[in-house]
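Enquirer: Protein sequence lines, in the order shown, are assigned to chains A and B.
The numbering of the first sequence is this note's numbering, which starts it at 2 and goes up by one.
The numbering of the second sequence is this note's numbering, which starts it at 2 and goes up by one.
Hints listed in this document are in silico derivations from the structure and should not be mistaken for laboratory results.
Among the clues, some could well be false.
27 angstroms max Cα-Cα, derived BS3-like pairs, lysine-lysine [what the hints assert, rightly or not]: (1) A:52 to A:7; (2) B:52 to A:7; (3) A:52 to A:12; (4) B:7 to A:12.
There are 2 protein chains.
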Amino acid sequence: MEPRCKLWLEKDGKVTMSDYRLRLLQLIDETGSLSAAAEQLGLSYRRAWGKVRDLEEHLGSQLVDSASGGASGGGSRLTPEGVDLMRRYRRFSETAREAVDRAYRVEFSRGPSA
Amino acid sequence: MEPRCKLWLEKDGKVTMSDYRLRLLQLIDETGSLSAAAEQLGLSYRRAWGKVRDLEEHLGSQLVDSASGGASGGGSRLTPEGVDLMRRYRRFSETAREAVDRAYRVEFSRGPSA
């Protein structure tokens, strides 16, 4: 057996951050492009943009900065707040998963409980 | 914001234990009756019994002992293995949730990250 864990953050009953949204922010950060990030997730540009906008509304801060046109053909990058959220959530998720694994081992890797 | 966490255990890609199944075992333990437990969960007796049987098959041990008929009208109770699983999973779930909350506070209850 192995433990599984689905993590997310909520505010007023609405999902504000999740592993899926983390992946979206990470891909924007890596590719410098919302459309490239959307493509890797199998989302339309419109859908990916909607997710970023929802996230920004729920958190009340701008996370992605998009420049359109120009010689470079535009692009998207995370704002300092976006980078900060990505880093914090990634660490939260990693630490939480390690703790879940540890809690599992403590309870299930030994003989019958008292 | 607050962290949320859905926990379960898997074996060969199949769910072997979850918070919902814990609730079912706890209700059988408290009521001494599978039908009373099923009713509290809004399940049919047949459906609840199927869940117990699946759980027993996945784990390879008998968890519930059912006596039918007799003066007491039958009843169900957890076997020692059932009690053991209930206790371990409950502690695993509690410890894991506390750890997830702690990981959240560490990352999100302070100023911008480095």
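Enquirer: Checking each numbered hint in turn, tell me which of them this model violates, lowest number first.
Expert: No numbers; nothing is violated.
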